[in-house]
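Peer 1: Protein sequences appear in the order of chains A and B. In terms of my numbering, the first sequence opens at residue 532 and continues consecutively. In terms of my numbering, the second sequence opens at residue 532 and continues consecutively.
Because the hints were derived from the structure by calculation, they are not lab data. Just so you know, not all the hints are guaranteed correct.
Since the list gives no way to pick out one identical chain from another, each pair is judged satisfied if it fits inside one copy or across any two copies.
Claimed, not checked - Quick list of in silico lysine to any residue cross-link-like pairs, SDA-like style, CA-CA up to 20 Å: (1) Lys551 <-> Gln587; (2) Lys675 <-> Ile656; (3) Lys562 <-> Arg552; (4) Lys777 <-> Glu749; (5) Lys551 <-> Glu580; (6) Lys767 <-> Arg822; (7) Lys768 <-> Glu816; (8) Lys675 <-> Gln658; (9) Lys551 <-> Glu929; (10) Lys551 <-> Asn586; (11) Lys643 <-> Gln868.
Residues per chain are reported as follows:
Number of protein chains: 2
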Amino acid sequence: MGIVVQKYGGSSVADAESIKRVARRIVETKKAGNQVVVVVSAMGDTTDELIDLANQVSPLPPARELDMLLTAGERISMAVLAMAIQNLGHEARSFTGSQAGVITDAEHGRAKIIDVTPGRIQAAIEQDAIAIVAGFQGVSQTTKDITTLGRGGSDTTAVALAVALEADVCEIYSDVDGIFTADPRIEPHARKIPRISYEETLEMAAQGAKILHLRCVEYARRYGMAIHVRSSFSEKKGTWVTSADKVGSADNEGSTMEAAIITGVAHDRSQAKITVVGVPDKPGEAAAIFRAVADAQINIDMIVQNVSAAATSLTDVSFTLPRGEGQTAMTALARLQETVGFDSLQYDDSVGKVSIVGAGMSTSPGISARFFEALSDAGVNIEMISTSEIRVSVVVAETQVEDAVRAAHDAFDLDADEVEAVVYGGTGR
Amino acid sequence: MGIVVQKYGGSSVADAESIKRVARRIVETKKAGNQVVVVVSAMGDTTDELIDLANQVSPLPPARELDMLLTAGERISMAVLAMAIQNLGHEARSFTGSQAGVITDAEHGRAKIIDVTPGRIQAAIEQDAIAIVAGFQGVSQTTKDITTLGRGGSDTTAVALAVALEADVCEIYSDVDGIFTADPRIEPHARKIPRISYEETLEMAAQGAKILHLRCVEYARRYGMAIHVRSSFSEKKGTWVTSADKVGSADNEGSTMEAAIITGVAHDRSQAKITVVGVPDKPGEAAAIFRAVADAQINIDMIVQNVSAAATSLTDVSFTLPRGEGQTAMTALARLQETVGFDSLQYDDSVGKVSIVGAGMSTSPGISARFFEALSDAGVNIEMISTSEIRVSVVVAETQVEDAVRAAHDAFDLDADEVEAVVYGGTGR
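Chain A with its partners taken away, still in its complex shape:
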């Protein structure tokens, strides 16, 4: 008998019918002889509705109170899920993040887990009950106030609990069947990846694939917790996220295939590009620009600096950043114009990023060349390039993102024999 931690996102518990369906699935897992701990997000659009309510009374709701408000969402879903399970004749008990021992720092809205002390959860499952835990929330070690973990919080709760309970697996349920070689809405031949390493998953997530949040994958990698990403709407096996040495192991349903060099193609339409035109090409100018952006708390992604035109000793610096932070960055940079002495600022939010990710590429030469040739053949113009050990990313015009995804998918033979019938979407929080 092992411990299974399951996490169900908001779309899996959107209404009473969905909750009853999820309850039946949980009971099946229990009947199969497992001790079951379930982490649940708020129902459907609850979180957005609560944020709307907050904004009706305050343009900038205080973070402590916003956390108090939002945690009502999981309180509702977890209690109703526990009721639905009990109605099927199995004991179930719901626990808040605080009751489940999810101890965090005091950074409201983006708290970090600093300890997990799941004594009450352990007691519940030892008494043969199914434990239902509120995702996304914890309690501050110092202030004893209720905190939330921010985006991807429920996934992180699930992995952290799985680690603390020494669970066999952490199953993350959403409305998609697993992690795909590309977004099936763009590439109909996209294939579900049976196994993928933590590192590749991190690159995929960082490059825009929306299945798992960076944070939960980082947590799982640190403690070696296996994640099974799957759909709550089907019985299919999903994608196992494990350490690289287990990806090719014998129980891998994909291991009979020739190892693909590229694991998947990710894309991201949430970014914008800022170009600082006519920067004097001397030491310290680029540093001043990026210091200003960093001071405005903006995370930049890719940076490109052109070689300066010999005649003028001026250069252009381009970088990408989340679109939502574009206005803030432009304002911060405009204030620098006199001291740095650049010519102008250009803002472009009709860009997209396409990345190929795969552990195999570090030992296979010519991957970048094959990628760029494929893009060229598809008529896609590359605006910026960046690479890591296991990833090559390009920025292209937003209108060419889909062409670029399909071209890359085709160039690296990622196509499935059969088209998977799935809807590709986010996992909620």
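Use these hints to put chain B onto chain A, whose structure you have.
Peer 2: Just chain B now, kept in the frame of chain A:
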């Protein structure tokens, strides 16, 4: 500088606009130099909506989980109220029942407060913050589970906190201006009572007046906490509920009036009457009947046993009980027919109860006679009678309840000089 505890019911915080209005009132109280602790119910119909949701997944939701679910209601209202206050430039912090130190027994759905340890509330108000506390909820001392206090729970939370904090006053806000001499929807000349004793309030509440719940008045009486019942929709003074010796004191705005013998007229349309016909008039028969009803967990109110007809040695026993429990009682009694040997059972749910309440009646003879004469003059037929030291109640046909209220109000000179413009309703929980 004193401590003021204010409680706002669901109708006072029904939407964002109401919450902003309540926030302004709270800030005014703070600005007047008070330390302010606010107890809040769930917004408007939230509780009913959550119960609906529970019933969609379970016909009989487990009590522990129902408590977990329902407490999400106050969590939402208290966080949003704290935001609205902060938006007015005043520090406010929300606290769950558990955080506020409301310690209860483990009886889910109807927990009793066994201790209040408001250390965090005290710290908050000493730091000049306004403390917002979730009404209706607490935490079990033994199981550490979340509990709810049942009907009238938020009022009880407010009084219990006021006692624990040694507050100057506990203000209970609803959508009515105070406690009236009768329901103004029935008796347009009903007058707001400026001061009333705990004992009279208890009798009024027990006899159907819906302003304050029995439980909170009992708690206030035990610890001598003054309650000020008033409307959150007006600035008018409301009704002070205090010990009897303070009701006639000099600061009583009503003390210049000649002391009324009767304080008010209450009515109750929630009851039904059961008559057990043809009970053998011998010892133990009535006991068997009421034992059966008690074993079915039914609270009966008034009991009347007729003198037996000499010829038959049979008697009729009638009693009143809440309508919702009528079916259960009839079923329990039907099972007794053979052993007790009565003729038949009659069930009548078209009855109502009208009561006159007043501390003055214990020293004034002829009150019952004057009451019965007034009813007779109004053509109202009395079906049952019961009395206490400070109350006389009659059961009449439901269609005659309003006539009876007006007749009693008129007979004891309770009419106001001016008609109060109010809407009379419940206080929510």
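Peer 1: All hints are to be evaluated individually against the structure, with a verdict given for each.
Peer 2: Going through the hints against the structure:
In this homomeric assembly, Lys551 and Gln587 come within 20 Å of each other (Cα to Cα) only across copies, at 9 Å, whereas the closest approach inside a single copy is 33 Å. For the identical chains of this complex, Lys675 and Ile656 are inter-copy neighbours only, at 17 Å across copies versus 26 Å inside a copy, given an alpha-carbon limit of 20 Å. Proximity of Lys562 and Arg552 under a CA criterion of 20 Å is satisfied intra-copy only: 15 Å inside one chain copy versus 53 Å between copies. Taking CA atoms no more than 20 Å apart as the test, Lys777 paired with Glu749 passes inside one copy only; the shortest distance there is 17 Å, against 67 Å between copies.
Taking identical chains as interchangeable, the C-alpha atoms of Lys551 and Glu580 lie at most 20 Å apart only when they sit on different chains, with a minimum of 18 Å there against 23 Å within one chain. Proximity of Lys767 to Arg822 under the C-alpha cut-off of 20 Å is found in neither arrangement, the shortest distances being 48 Å within a copy and 59 Å between copies. For the homomeric pair Lys768 and Glu816, neither the shortest alpha-carbon distance inside one copy (52 Å) nor that between copies (68 Å) is at most 20 Å. In this homomeric assembly, Lys675 and Gln658 come within 20 Å of each other (Cα to Cα) only across copies, at 17 Å, whereas the closest approach inside a single copy is 28 Å.
In this assembly of identical chains, Lys551 and Glu929 lie within 20 Å of each other by CA distance neither inside one copy nor across copies; the values are 41 Å within and 44 Å between. Proximity of Lys551 and Asn586 under a CA criterion of 20 Å is satisfied inter-copy only: 12 Å between copies versus 32 Å inside one chain copy. In this assembly of identical chains, the alpha carbons of Lys643 and Gln868 never lie at most 20 Å apart, being 37 Å within a copy and 67 Å across copies at closest.
Against the hints set out earlier in the document, violations occur for numbers 6, 7, 9 and 11.
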